[in-house]
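Those sequence lines, one after another, are chains B, S, W and C. Okay, so the first sequence: first residue is 1 according to my numbering, each after it adds one. Okay, so the second sequence: first residue is 1 according to my numbering, each after it adds one. Okay, so the third sequence: first residue is 1 according to my numbering, each after it adds one. Okay, so the fourth sequence: first residue is 1 according to my numbering, each after it adds one.
For the record, the hints were derived by calculation from the structure and aren't laboratory data. Among the hints, a few may not be true.
Unchecked claim - Quick list of simulated restraints, FRET-style, between CB atoms:
1. B/Lys575 to S/Asp118: 51 to 59 Å
2. S/Pro467 to B/Ser121: 29 to 37 Å
3. C/Glu284 to S/Ala167: 33 to 41 Å
Idealized CB from N, CA, C, for every residue including glycine.
One letter stands for each residue in the lines below.
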Amino acid sequence: MHRKNSLAWLIGGAQGSGVDSAANLFAKACAFGGLYVYGQREYYSNIMGEHSYYQVTVSDRPVRSVRSYTDILVSADAETVFLHALEVKPGGAILYDPKLAETPLSKVAALEHRAREDIHSYLQARGLPETMSGMLHDAQARGIQLYPVPYDELLHQMMGEKAPQLAQAKRIANAMAVAASCALVGYDIKLLERALEDIFFGKKKVIELNLRACELAYEYIGKHFARDFPITLEPIVANESRIYVTGYQATALGKLTAGCSMQTYYPISPATDESVYLEAHQIFERRGEQGAIVVVQVEDEIAAITMATGAALAGARAATSTSGPGFSLMVEGLGWAGINEVPVVITLYQRGSPSTGMPTRHEQGDLRFVLHAGHGEFPRIVLASGDLEECFYDAIRAFNYAERYQLPVIHLLDKSLASSSQTHPAFDPQRAHIDRGLLNSSAVGESYKRFAYTETGISPRTVLGTPGGIFWNTGDEHDELGHITEDPIERIRMMDKRAKKLEIAAREIPLSEKINIFGDPASELIILSWGSPKGAILDALEALWAEKRSVCFVQCRLLSPLPSDDLRKLLERAKRRVCIENNYSGQFAGLVREQTGIAMDHLIVKFNGRPITMDEVYQSVKEILLGTAPRRMVLTHGA
Amino acid sequence: MHRKNSLAWLIGGAQGSGVDSAANLFAKACAFGGLYVYGQREYYSNIMGEHSYYQVTVSDRPVRSVRSYTDILVSADAETVFLHALEVKPGGAILYDPKLAETPLSKVAALEHRAREDIHSYLQARGLPETMSGMLHDAQARGIQLYPVPYDELLHQMMGEKAPQLAQAKRIANAMAVAASCALVGYDIKLLERALEDIFFGKKKVIELNLRACELAYEYIGKHFARDFPITLEPIVANESRIYVTGYQATALGKLTAGCSMQTYYPISPATDESVYLEAHQIFERRGEQGAIVVVQVEDEIAAITMATGAALAGARAATSTSGPGFSLMVEGLGWAGINEVPVVITLYQRGSPSTGMPTRHEQGDLRFVLHAGHGEFPRIVLASGDLEECFYDAIRAFNYAERYQLPVIHLLDKSLASSSQTHPAFDPQRAHIDRGLLNSSAVGESYKRFAYTETGISPRTVLGTPGGIFWNTGDEHDELGHITEDPIERIRMMDKRAKKLEIAAREIPLSEKINIFGDPASELIILSWGSPKGAILDALEALWAEKRSVCFVQCRLLSPLPSDDLRKLLERAKRRVCIENNYSGQFAGLVREQTGIAMDHLIVKFNGRPITMDEVYQSVKEILLGTAPRRMVLTHGA
Amino acid sequence: MARKPQDFKTPVHNNWCPGCGDFGILNAVQMALAELDLEPHRVVIFSGIGCSGKTPHYINTYGIHTLHGRVLPYATGAKLANPDLTVIAVGGDGDGLGIGAGHFVNAGRRNLDITYILHNNGVYGLTKGQASPTLKLGVQTKSLPQPNINQGVNPLFLALAAGYTFIARSYAYDTRHLVTIIKQAIAHNGSAFIDVLQPCPTYNDINTREWYSGEDRKDPQTGRAIPRVYKVEEQGYDPLIKPGMSDAEIAAKLTRFIEKALEWGERIPLGILLKNETVPSYEERILERIPFYRETPPARQRISDAQGRPTLDLAKLLEELKVT
Amino acid sequence: MARKPQDFKTPVHNNWCPGCGDFGILNAVQMALAELDLEPHRVVIFSGIGCSGKTPHYINTYGIHTLHGRVLPYATGAKLANPDLTVIAVGGDGDGLGIGAGHFVNAGRRNLDITYILHNNGVYGLTKGQASPTLKLGVQTKSLPQPNINQGVNPLFLALAAGYTFIARSYAYDTRHLVTIIKQAIAHNGSAFIDVLQPCPTYNDINTREWYSGEDRKDPQTGRAIPRVYKVEEQGYDPLIKPGMSDAEIAAKLTRFIEKALEWGERIPLGILLKNETVPSYEERILERIPFYRETPPARQRISDAQGRPTLDLAKLLEELKVT
Ligand SMILES: Cc1ncc(C[n+]2csc(CCOP(=O)(O)OP(=O)(O)O)c2C)c(N)n1
Ligand SMILES: Cc1ncc(C[n+]2csc(CCOP(=O)(O)OP(=O)(O)O)c2C)c(N)n1
Ligand code: SF4
Ligand code: SF4
Ligand SMILES: [Mg+2]
Ligand SMILES: [Mg+2]
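All chains, full assembly: derive it from the sequences and hints.
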């Protein structure tokens, strides 16, 4: 069966050998052709040598998630074949270097013990040799086409004695594999050329070298293999200005748009990339003048949150960006910002946890923690983005909420968002608005009270350095001036005042910023979720709707204050409810039950460190609809 | 109306002026007379000068809480009269130093702004002078008897020129006030003498000096005032061996009994006292040999938890003790202990929060935080003691749970427990049992796997130094040996294994250690609570039951794993349900709803930094029974 | 019209113990601010947690009483966001060198233009007298049940190792001296650290006012106490390291500094012990990256127009991501 | 039968980059353990987080890979609980002197008998090459977009300020030297600190193997590289401070130490720079409090009998609380 413009592509190889760049090359080549692209990177907490891979989904319709299967597997090493061959769909292809074909399983040093055992059993059970070709034979038997491409030979043929060194050769070979992929699906090599020019911008020699190698590989496929691959890609016309953007970039761009002028950070995966990107773009244009963000690499995450808070007190829009272990260290600082009503933004990229966990893997395991982090009780706003567009606009909102309600805001993201890339209509600053709340930037007079009791609990704010605006802060309970008090009545008033702000926020924030509803809430089944599963759910929904399944998806974006009334109303009416989350216990389902009293009928969780795929959602939802699903379903896809 | 052996006594004065010692003296004098005593200390986060006070409830039946009113107010300074006179019941007494009578309100420098304003309005409204005597006049008008005692004169009379210095004189005057109180209620001065001897054990001169001064004060009351005070105290016979113990001591004694041999701490109120007590008792007797606990004051709470964890790995029963801000810093270490299945005990004394909050004040605001502290998900056991007996036995249980289920255990206490003292039957080591779980203390052979998958999720443990027991630990996800893995399937297995342990704990821990039920669950109203409100609730229950009110009290002691099925069954059948907590949002009520689906009909909360009194419970529960109560009631008693 | 110390006082009730050295430091800060004639709203006092942590509440400038051990990163954040502020950090020895030691070391590496005043009383005052990191090994103050089991850390030495470019010591009861030092510390362009010997009469009965002033060792002839503290400037000590000095000259300076830093017990040096002008301040380093940092630091960026529209030229940034 | 380095290896796949200095340190630790003929189960290797943090997994002794920056308190806890263990802590420079600087300073104050090996590569390896606290101001490694904005901290100097009683430096590629140093560090009764220069070929292209061995400055005559690193012991440097030395002798030792500690760039000293035997170890200090600590340390207390009954004589403790 021939398919046009719909492809699941995967490249795998050793960390540090250029797998990402190759994937980026392929993705951009597709994107330049007007196709929609979604890419997701998987890698070890390691600098060189461990297995990494990159999945790219390409389509002529928007795509937002990875697939459980692969159409074309590009293997930069034997390990990739061992680990991913079984994901390749019948009718799909495996590209590989024939010189690796006889690599025995035992020589693939970096393989995980469990994986090695499983592959061993698999091959043994089938009487196949425990080598890469054993795997390939098996694949072929399952209807997969094999494409051996002798990269070295082609390179030598092209360069003769001047063939590049091993490390560089690997990188070029990866680019050649991309070219071979293009050849397979009949995609115009001109677009690959454009991608090369874009990626190696300005580096003429590199472009030329890569291009020639790519051409050779492209031709090689044409010459040596039948043109019978059932999937083709063709450029289409895009009637919009589109970017190919990664999650951490989208967030960083949102921060810059919001006017974030100071970011502190301590390196940590997968949050670091955002800060590095910001630092690389520390100087930029503002209307009529130059703008800048001061990015500070600090000594630890305690310094990160406290320094950002200090900057916020001085009037800067300030943020810090981190992941689980770092956030764990920020908890005390969060409480201080809470009691002192300081608008500070914490961007939290969740990752595989607990503890050091799986530093470069995906999870949504920190929801409950961020809601309750810090001893005692103080208001905070927590919002979770579900895709790259939301990363951008929510990053702006985070600062608005922080300043309007004078409290710490946690912008909840995760590894999957951070390291996925997507083609997307260019972000529109016109849709962004900056709300600095009750901020007095000039003299306010003798009797200024930073924490004056007001109707809304929000007191007009000054920043350090404002004439006539002197205030005091303390982590202790305080009076309206900000001086320490242990008076039991003042205490009650101050607690009420702070709590009030969250009530106001719950009332003022429009529903559209709290919840997204896709489909008809009166459907057979309501899928409830938050954060990054959105993409896979939406992709699955399309397929389900195409089959006329009655399913609705409610995405919750505001997690504190939780729109409990709205959720209750939606869920009460539902016939069946399922919550989908990337964690062990179904934290969001618990939260919803706590605040609405409504329990889920089903829970779909995944906690193996990999994001949920479209197919997993599709399958498990279908099981629920068919009535064959258990209450709790654990998804397991991913190498 | 005459009352025998039932008294609410309160002494107030400047921090550092001996108020505590005087209260201790009075309490012990009563306790030596076989009476039941409950004492509660209130003080500022300050070393000298701020207002502190101490409430003592005395009775011939067990008492477990403070009262909202005072029968005898002993004022060591004018501030005490300004702050507490209104709490004195008609028929009660105020003891004071007549030389302070004309102290104007404006001269009481340490008064809180809000309190000053209120007292000002109060006196002004009544046309009274803004002095201590203004307050006293008002009291008298309300039927309170005044007892001026000229301490200085009496002291001078006794010692002439040799009268002690100011600071010491204050302390002696406080002892004299205790003696005067005894005289008022006709309590035998011999028992006061015994208390003096006990407290100043061995310091002959001090005892003598205080005793003589006390005698003078005692006589002074007899000579100058009518013997018409309506309350009397009389010794009764105690048929048991009883101790007068403070919460932090009870916990420390539990730890020592449990065999805790290493405690790390960083000073913090109100947790420090426990560590100081342990250090003071670092050497003790074990059957047949000497025992010791190594108490280490470390550089911060991060070091406290990590060092204790290191000690636990080496096989010591190890603990650390802290309060909110300290716990906030321990969160990352907690997660590491969780993923590495290290039995470590954290004793958490909750205090007024958030942030630095009210460091020496009471609150139960950390429940949700301890349940979810740490990024990601890992099992922990959380148990909360409700009184001093539970402090002792739970401290032992904490270690047993930790070692049996190989996980961090949080023993949740609070300021009220830490600083309340109570007469109590001597703790019984016979009731204590030590369970070290699956601990291999000798060679286990070549193939030892620290994290071997088992039926229960619990793997036999070795400690550092065990021959043949070598293992590895890492904060990363790991395989059975403890080596890093990012394998998605190994990951699922390890998460399941760890989670399993909590299921086993939930099954194995007997109901009696999870829940206490007082009264008939089929009553009109079920009171749900956890932790220190227990005392006030039980004291109120007695009064309510005496009035034949149909009320039952369910105290939850195990908070993780929450005995949700048991709670659900109890609550489902209830006609009405109220949850009583010392926090703002009713955290436990939320937890119960999350895990049982059952919402409370009423919530009684208190968050002004003071513990709940018996009268507050009595009043508010009665309102509920009468149907006049709002859904959420905020208690406010306390100066 | 020049300011008076009175202008820097607040009506907040002070609850330090009578005779506490903190009073001397408080007064000195207020006098220094007055003598420098700084506008109160341009000054921010940051503090940690402890008795000393209450200082900002008693001073009529912006006052930020932060978390235990975290005074330096908070102060750093504010100063980075608005370099026009005069930023002073104060805190206890437990705060700064116990729980806060990591920040102390790492702040030294920045050389940001702030002043850090350490209230060195040898104890954790507010938690009732446990040994602080500066208390010497084996010393037993009255609040300790047993002699101190840890070595004391030398704040001056540690400050040098960390990279502070202005290192001084003063004494809480010599207000005049302390005022002079604080003024110079504020004037110094870089991180200034002042180790202030601060008697805690309540818990530390070893390093008392009497001990510092040598009441226990009177001159047998005059009967006068021979103070332990003395001023290095009176001995012609020159703390200045300036551009152009040879390596040998600098090495000699450091050697003298270390000699002084190690003195304790019988003779305790006070004064400016190091003033290194050869190290660029953090602000100068930022200027290398962001040339207009001084004019529009983070706190003064015009991030939106009157309508609340972002001023950022996003299109330019999107350029490099464009695919169609 | 003497042990071999091989006995201390595990089959775990090592995933450091080719040429990483960590290999040299790993080998040296294994060789030192073998040469000291230590029983594997009596040794515990603790590590922080970073590339270096993976070390314990490659060593066949108890191996505890802890949290970022916390290696010292974990190690301290184990050693305190069971002083019979040989405890070695290893970790990165970011780990130890960035996020862990507070513990580094405060562990120095204890002088507990442990060995701490710092993998000093000037970068945060595992997070892709950001500047670590030891990287010098203005240096730009290939992983940095701009020159380093912070001053580098001097680990040796900081160790001295903190109170370590054994301070040495070695070089990852001079395994023999490193083995000798590690053995002496383990033998030292007190806190031993070894600053190991560890090239990170992936991210640090400044302090490379070639740089340390002076490949950029060849002797014009012989054509041989003139190494930057040299051994102080070859120059007759004597690091020992021992009981009975006069103050002046000690001061002279410290001055020489500081001279050496400050050398960098053209000449980089390796070797034991300080070995102070005048400071009691933490164990000795505990023994002052608990005389039987060595026989029954926390990990070896008999806390219950065979029936699980507590052995504590509680009655005695209750005595002082008794009222009836
Ligand atoms: C994280 C944390 N741990 C512990 C405390 C409790 N605490 C309050 S003050 C203090 C010590 C104060 O000592 P120091 O810093 O020397 O200041 P001083 O009181 O002597 O001025 C401590 C440990 C706290 N507030 N926060
Ligand atoms: C609390 C916390 N913050 C951040 C990280 C992320 N992290 C992992 S390794 C590392 C730095 C490692 O650098 P270094 O200590 O120098 O060790 P190296 O990799 O160079 O050996 C960081 C910041 C973490 N694991 N934990
Ligand atoms: S305890 Fe010491 S430092 Fe604190 S206020 Fe009292 S005297 Fe000052
Ligand atoms: S990044 Fe550097 S330190 Fe880490 S393994 Fe590679 S070479 Fe070694
Ligand atoms: Mg102090
Ligand atoms: Mg490093």
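Do the hints match the structure? See the list:
| no. | hint | verdict |
| --- | --- | --- |
| 1 | B/Lys575 to S/Asp118: 51 to 59 Å | 57 Å, holds |
| 2 | S/Pro467 to B/Ser121: 29 to 37 Å | 35 Å, holds |
| 3 | C/Glu284 to S/Ala167: 33 to 41 Å | 39 Å, holds |
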